[in-house]
Amino acid sequence: MKNKLPVIAFLLFFCCLIFFPLVFKTPFPRHVLIMVFLYATMGIGWNIIGGYAGQVSFGNAAFFGVGAYSSAILLVHFGISPWVGMLVGVLLSALLAVIVGYPCFRLQGHYFAIATIAVGEIVMVAFLNWNFAGAAVGIYLPILEQSLKNFEFHTSKLPYYYIIVCIFLFALAVCYFMEKSRWGYYFRAIKNDPDGACSLGINIRKYKLYAFILSAVITSICGTFYAQYILYIHPSSTMDLMMSIQICIIVLIGGLGKLFGPVLGAIIFVPLTELTRVYLGSQGQGMDFIIYALIIMVIAIMRPQGLWGVFSREARGTR
Amino acid sequence: MEGILAQTIVSGLLIGFLYALIAVGLTMIFGVMDIVNFAHGDYLMVAMYFSFWLFFLFGFDPLFSLPIVTILLFGLGVITYYLIIRPIINAPMLSQIFVTFGLLIFLRGLAQFLWKVDYRMIPQTLSSGNIEAFGIYFGKPQIIAAAGAVICNGVILWFLKKTRLGMALEAVAEDKEAARLMGIDSDRMYALAWGIGIASVGIAGVLLSSFYYVFPEVGANFGLIAFVVVALGGFGSIPGAFIAGIIVGLVEVLSGFLIAPSLKFMFVLAIYLAVVFVRPQGLLGHK
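Residue numbers (this note's numbering), protein chains in the order written: chain A, 1 to 319; chain B, 320 to 606.
Isolated chain A (complex conformation) (with noise of 0.2 Å):
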């Protein structure tokens, strides 16, 4: 009984994923779930870094931004197939990931977390000037014919719909193999205790790396179908600070080092968002914001694990 729950648990979840845009035929509400699903794939890429190995990075958007340009920059000068784009922003991405995350990584805590504020901001001040990604201007992706091949779709949200589920189950699943194996622990070892895990012999450093690489792919990933999506990228829609925040304060929402932390919050922190957006409009800008910062402190104050704990101790009460 006590490992069936979880199995159940999933399977519900996964056929509500599957049947949620037969409820919801308008527009807006698949609009929100598919930022849902996009923001908790992010959130999975951060909670591999910052949940499980305790390093808080506030650069993540720059891995969002170099998916979401490699792939439009491809597609606009070359022609090249978003699909490819794809793959060579992941590529791209661990580069980047490689090259900050070996330096960095000698810094601990705040140092580490104001050294990947100022990367992603060099990374971005980088693009605002780059003509060739269209500097300030951004991008304007081509609209083409709509099929799966050419990932553009325009007559139905659906097949994005779609297309995001499947990107947040692989997250989903990599998180979770993660989680279960060798490198789970060591993650888990570093962040609680860093010293002991280096006399029992584990590379810090190199694990460190891996977990960075692991969450600037998930993010990249995200990138793309974000550019494939809105159909527009500008170095201030997909790097900016505000972006690497809104992803930490999701998994920080849901629960840091938990597989389902950053879907909870991201189930709870997107639809807030859109909802602001639309009932209050420009007066109400802002007040999302508003909101966040206080959960966020409350939480940070209160409960630091998240509130994905609160569900599950409830479960276990229950059962």
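The set of hints was computed from the structure by calculation and includes no laboratory data.
Any given hint might turn out to be false.
[Said to hold, decoys possible] Facing chain B, according to a computed beta carbon distance under 7 Å, are these residues of chain A, among others:
(1) P142
(2) L144
(3) L148
(4) L252
(5) Q285
(6) M297
[Said to hold, decoys possible] Computed from the model, here is a short list of chain B residues facing chain A with C-beta under 8 Å:
(7) I407
(8) I424
(9) F425
(10) R427
(11) V436
(12) L543
(13) L588
(14) V595
(15) V597
On a predicted model such as this, the values are computed, not experimentally measured, just so you know.
Idealized CB from N, CA, C, for every residue including glycine.
Go by the hints and put chain B onto chain A.
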């Protein structure tokens, strides 16, 4: 060419003094209690808005609103400490980072909600105008700001080194337990550090508001610059922050002048990375 270069260096020096003042509060709070206040730049924004509204509603010149805003920000710093910093002093670092980050988002969101994203500026102040000397133009508000920053840094340093209260603060920074045995209430010292730290960034904000736009995101860049200054000077070192502020100001204007203005921020951030990789303790910090 030489004239422009000299002009550039002078403006870099002047803004550098202000950077030093912005950073002093950050480095002080870090030095005393090992907490990095990610929302530091946003207190600058709050002070700038106070200064703007005092001017707009009551016609107060920034120089007159300086003491008012300083007291307000001191209070704000103390309130911040008791409300959200005290509960997480012994919490894991992740919580500490997220609390001050939440504060950053809160202040920025509040400013956006209350005052929208418009750029606002105080049009004409008592200190407007230029002075010319040796063929170089000095903006009067910049000179007043730089002078204010130097005086303010001096006063803080004097306070820490020469007064009993300041020495008590330094003692807590040095060794909390030993300070407690000497009868120093570390809780009140922390509150004082937050008060002074936020008040000093408030002074910087008012001085800045006489020649710079106010908008909800104004704290973002200044906050990042403050981190660079603090890291370069050495976390917790006030004289270090002073020297580093000047260096950062110079690097910013010189890279803007010699390479490209739109890339200058990149060079400033690169200093941070260079410092933490090559000399993590900064110029005057100790490890």
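| message | Checking each numbered hint in turn, tell me which of them this model violates, lowest number first. | response | The structure breaks hints 1, 2, 3 and 15; every other hint is satisfied.
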